[in-house]
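Go ahead and model the full structure; you've got the sequences and the hints to work with.
In order, the protein sequence lines correspond to chains F and S.
Start counting the first sequence at 11; every next residue gets the next number (this note's numbering).
Start counting the second sequence at 2; every next residue gets the next number (this note's numbering).
Be aware that a few hints might be false.
Stated by the list, open to error - Sample of chain F residues with no beta-carbon within 10 Å of chain S, all distances over it, derived:
{"id": "1", "residue": "Ser74"}
{"id": "2", "residue": "Asp121"}
{"id": "3", "residue": "Arg343"}
{"id": "4", "residue": "Val418"}
{"id": "5", "residue": "Arg437"}
What the hints assert, rightly or not - Residues on chain S that point at chain F, a partial pick, calculated with CB under 8 Å:
{"id": "6", "residue": "Arg49"}
{"id": "7", "residue": "Ala96"}
{"id": "8", "residue": "Val98"}
{"id": "9", "residue": "Ala101"}
{"id": "10", "residue": "Lys102"}
{"id": "11", "residue": "Pro105"}
{"id": "12", "residue": "Lys115"}
{"id": "13", "residue": "Thr116"}
{"id": "14", "residue": "Asp118"}
{"id": "15", "residue": "Tyr122"}
{"id": "16", "residue": "Thr144"}
{"id": "17", "residue": "Leu147"}
{"id": "18", "residue": "Ala149"}
{"id": "19", "residue": "Ala187"}
{"id": "20", "residue": "Ser192"}
Quick caveat, the hints were computed from the structure, so don't treat them as lab data.
All C-beta atoms in this analysis are idealised placements derived from N, C-alpha and C, irrespective of residue type, glycine included.
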Amino acid sequence: MNSPLPLTRRQFLQHSAVVTAVAAAPLILPSGLRGQNAPSKKITVGIVGCGNIADGHYGPLLGSPESIRVLAVCDVDRTRRDSAAARVNKEYGNTDCKTYGDFRELNRRTDIDVVFICTPDHWHALIAIDAMRNGKDVYVEKPLTLTIAEGRALVDTARKYNRVAQHGTQHRSMKRFHDVAEFVRNDGLGKLERIDCFIPPNNRHCGATWQPEAVPANLDWEMWLGPAPWRPYNSKGCHYNFRFISESAYGQVTNWGAHYLDIGQWALGMDDSGPVSVEGHGEFPSSGLFTNCTNVNFTVRYANGVPMHCRTRFEGGGTARFVGERGWLDIARDKMSASDNNLLREMQAPNKKVQLELSNNHHDNFFACVRSRKRPIADVGLGHRTTTVCNLGQIGMVLGRKLHWDPVKEEFIKDDVANRLRTRAMRSPWSLA
Amino acid sequence: MNVENPPAAPAAKIKKVVSANPADRYSGAGQTPDPWDQCARLEYGADRSFAWSVREQVIATPPEGRARAEEKLLKALADAARTDAGLAFICQMLAMVASAKSVPALAPLLRDAKTADSARYALERIAGPEADAAFRDALGTLTGTLKAGLIGSIGVRGDIAAKSALAALKDAATEPAVVREAATHALARLSTSKS
Numbered sequence: 011m012n013s014p015l016p017l018t019r020r021q022f023l024q025h026s027a028v029v030t031a032v033a034a035a036p037l038i039l040p041s042g043l044r045g046q047n048a049p050s051k052k053i054t055v056g057i058v059g060c061g062n063i064a065d066g067h068y069g070p071l072l073g074s075p076e077s078i079r080v081l082a083v084c085d086v087d088r089t090r091r092d093s094a095a096a097r098v099n100k101e102y103g104n105t106d107c108k109t110y111g112d113f114r115e116l117n118r119r120t121d122i123d124v125v126f127i128c129t130p131d132h133w134h135a136l137i138a139i140d141a142m143r144n145g146k147d148v149y150v151e152k153p154l155t156l157t158i159a160e161g162r163a164l165v166d167t168a169r170k171y172n173r174v175a176q177h178g179t180q181h182r183s184m185k186r187f188h189d190v191a192e193f194v195r196n197d198g199l200g201k202l203e204r205i206d207c208f209i210p211p212n213n214r215h216c217g218a219t220w221q222p223e224a225v226p227a228n229l230d231w232e233m234w235l236g237p238a239p240w241r242p243y244n245s246k247g248c249h250y251n252f253r254f255i256s257e258s259a260y261g262q263v264t265n266w267g268a269h270y271l272d273i274g275q276w277a278l279g280m281d282d283s284g285p286v287s288v289e290g291h292g293e294f295p296s297s298g299l300f301t302n303c304t305n306v307n308f309t310v311r312y313a314n315g316v317p318m319h320c321r322t323r324f325e326g327g328g329t330a331r332f333v334g335e336r337g338w339l340d341i342a343r344d345k346m347s348a349s350d351n352n353l354l355r356e357m358q359a360p361n362k363k364v365q366l367e368l369s370n371n372h373h374d375n376f377f378a379c380v381r382s383r384k385r386p387i388a389d390v391g392l393g394h395r396t397t398t399v400c401n402l403g404q405i406g407m408v409l410g411r412k413l414h415w416d417p418v419k420e421e422f423i424k425d426d427v428a429n430r431l432r433t434r435a436m437r438s439p440w441s442l443a
Numbered sequence: 002m003n004v005e006n007p008p009a010a011p012a013a014k015i016k017k018v019v020s021a022n023p024a025d026r027y028s029g030a031g032q033t034p035d036p037w038d039q040c041a042r043l044e045y046g047a048d049r050s051f052a053w054s055v056r057e058q059v060i061a062t063p064p065e066g067r068a069r070a071e072e073k074l075l076k077a078l079a080d081a082a083r084t085d086a087g088l089a090f091i092c093q094m095l096a097m098v099a100s101a102k103s104v105p106a107l108a109p110l111l112r113d114a115k116t117a118d119s120a121r122y123a124l125e126r127i128a129g130p131e132a133d134a135a136f137r138d139a140l141g142t143l144t145g146t147l148k149a150g151l152i153g154s155i156g157v158r159g160d161i162a163a164k165s166a167l168a169a170l171k172d173a174a175t176e177p178a179v180v181r182e183a184a185t186h187a188l189a190r191l192s193t194s195k196s
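This is the structure we're talking about:
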């Protein structure tokens with residue numbers, strides 16, 4: 011592997027195991043360097059961000075202690091990181107899990123192979139970039155980044171340092187979504203007419219005004235804000251609800267949009283590209299703590315003329331509906347339906363002309379790629395493209411006018427204001443440099 | 002004297018109300034606040050409807066009207082009663098529409114530790130050598146984390162004229178690690194910029 015970094019722990023162990031085997035055979039290797047339990051096969055993990063999104067990772071990460079080992083957790087909320095460490099220690103029956111309040115300390119540990127990034131969105135890019143610069147592979151929760159510029163910087167870093175980087179869009183590892191994307195890709199619906207994505211409602215109402223509150227003793231508020239513009243603490247604008255405040259996230263546009271728009275991108279074969287225009291008219295709250303769109307409505311259009319709509323659904327969860335000349339397919343995480351059951355039967359037919367990669371487990375796929383150094387099923391390159399679609403929708407709704415997008419140059423055509431919204435300056439000392 | 006019918010009092014002079022909002026001239030409701038003035042006095046957590054009105058106008062302004070919007074934002078920026086939240090808001094608006102004309106007003110804010118981050122928010126998005134020069138000039142006035150942020154902006158902007166200054170900072174034993182590290186990353190970024 012042509013990594014510009016010094017050997018990481020895993021690479022060192024793999025290298026030294028080979029050297030030892032060749033140069034010192036037939037010396038007996040320590041038991042720890044052989045077979046399934048060889049240290050080179052045990053992947054060590056650090057988790058940054060110990061809130062509700064991290065909760066979904068403990069099961070897969072703690073369930074295979076022979077091959078996966080969580081060594082450290084990090085959160086700016088001491089209560090949360092202590093609780094996370096206690097959970098890990100209880101599972102392992104020890105007290106070894108180390109806690110950190112600053113991700114940089116965790117990222118600089120040489121005995122950690124991969125970092126799971128489960129923080130609020132405004133932190134994703136910086137933590138992932140720092141981890142990869144320090145030789146870690148990363149699993150970055152969705153949405154990949156807050157801005158388009160952050161996404162490009164993250165992908166460039168992954169390529170520069172030859173890191174395995176998975177985007178946490180686990181629909182890519184669910185067979186139902188794979189089958190639909192592959193079926194549409196093979197013109198199973200005939201000529202595709204449109205894609206309709208529905209996402210859950212955005213904001214909970216919390217009043218027209220709010221009061222700054224004392225920062226809880228367990229919380230490092232300055233570090234929680236990090237690169238986001240400074241604002242005083244308010245409990246309704248911190249854990250979980252951060253996603254309703256545009257300084258930290260773009261609400262359900264990126265939260266659920268990252269899942270359903272992603273399947274549209276997959277079905278269209280746009281994993282390394284994107285739409286060519288966007289038009290949106292969202293409703294934004296003009297008062298109160300929350301600033302993100304309360305009624306999402308935007309349409310991106312691809313070069314082949316196919317539009318992908320994204321709208322808020324106030325009743326019911328998210329879905330993606332593919333509409334073609336032969337009928338429609340509607341898919342959600344827990345159900346799938348079609349205008350004609352024959353379409354569902356045809357979907358299972360083998361030997362399709364275009365066969366998409368199949369993964370049945372997002373974590374397994376990631377760890378297999380950490381070992382093989384192949385790109386994972388939801389590599390950050392395509393994650394960036396999907397997150398860009400979300401961003402296009404956000405910018406289109408903010409500006410309320412039709413925008414033309416160049417997916418090669420990753421810039422809006424002849425719209426200076428829209429182009430400025432691709433990025434934002436970060437609060438000191440943070441930057442994308 | 003007929004107490005039941007006192008003489009009519011002299012008619013009071015009607016004071017002419019001049020509103021900043023042209024729509025008010027015919028409303029008879031008197032003067033209403035001008036959102037462009039009020040946005041500078043925004044407070045965290047308070048009613049932000051005036052700021053929202055300004056935001057809507059900035060966004061809706063066609064290219065030929067942006068210079069006027071920029072002027073109005075700069076006027077708000079100069080308001081002596083400007084608050085921290087107002088400054089942050091104005092700089093977010095300037096980040097969308099500001100030109101080199103805004104640099105003289107933003108440059109002093111960039112050199113002030115209390116206002117540097119808000120100024121960076123606007124200045125980082127302004128293309129051209131004027132903003133580059135403002136960032137370079139501020140290198141000598143800020144310290145610590147603020148200086149690191151400033152260096153980051155220089156790197157993001159790809160200002161190759163700052164290379165020598167950054168190279169010196171990268172190796173300066175007198176600078177804290179956060180500054181030296183920022184200079185290292187900014188130089189790496191500049192190495193891929195066009196000369």
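Outcome of the hint check:
Every C-beta of chain S lies more than 10 Å from that of Ser74(F), the closest at about 36 Å, which supports listing it as non-interface. With a closest Cβ-Cβ approach of about 22 Å to chain S, Asp121(F) is found to remain outside the 10 Å limit, as its non-interface label requires. Distance to chain S confirms Arg343(F) as a non-interface residue, since its nearest Cβ pair spans about 35 Å, more than 10 Å. The non-interface label for Val418(F) is consistent with chain S: the shortest C-beta to C-beta separation is roughly 18 Å, beyond 10 Å.
The claim that Arg437(F) is not at the interface with chain S is violated, since a C-beta of that chain comes within 10 Å of its own (minimum 5 Å). Restraint check, Arg49(S) versus chain F: the minimum CB separation of about 6 Å is within 8 Å; hint holds. With a least beta-carbon distance of about 6 Å to chain F, the hint placing Ala96(S) at the interface is held under the 8 Å criterion. Restraint check, Val98(S) versus chain F: the minimum CB separation of about 7 Å is within 8 Å; hint holds.
Interface hint at Ala101(S): violated, since its Cβ lies 13 Å from the closest Cβ of chain F, which is beyond the 8 Å cut-off. With 8 Å as the threshold, the beta carbon of Lys102(S) stays out of range of chain F, its nearest partner Cβ sitting at about 15 Å, so the hint is violated. A least Cβ separation of about 19 Å between Pro105(S) and chain F goes past the 8 Å threshold, and the interface hint is therefore violated. The beta carbon of Lys115(S) is not positioned within 8 Å of any beta carbon in chain F (closest approach about 11 Å), and the interface hint is therefore violated.
Checking Thr116(S) against chain F: minimum C-beta separation of about 11 Å lies over 8 Å; hint violated. Proximity of Asp118(S) to chain F holds as hinted, the smallest CB-CB distance being about 5 Å (cut-off 8 Å). Taken as an interface hint, Tyr122(S) checks out: its beta carbon lies about 5 Å from the nearest beta carbon of chain F, inside 8 Å. The beta carbon of Thr144(S) is not positioned within 8 Å of any beta carbon in chain F (closest approach about 11 Å), and the interface hint is therefore violated.
Taking 8 Å as the C-beta cut-off, the interface hint given for Leu147(S) holds, the closest approach to chain F being about 5 Å. The interface hint given for Ala149(S) holds, since its Cβ lies 3 Å from the closest Cβ of chain F, which is under the 8 Å cut-off. Checking Ala187(S) against chain F by beta carbon gives a least distance of about 4 Å; that is within 8 Å, so the hint holds. This hint is violated: Ser192(S) has a C-beta 11 Å from the nearest C-beta of chain F, more than the 8 Å allowed.
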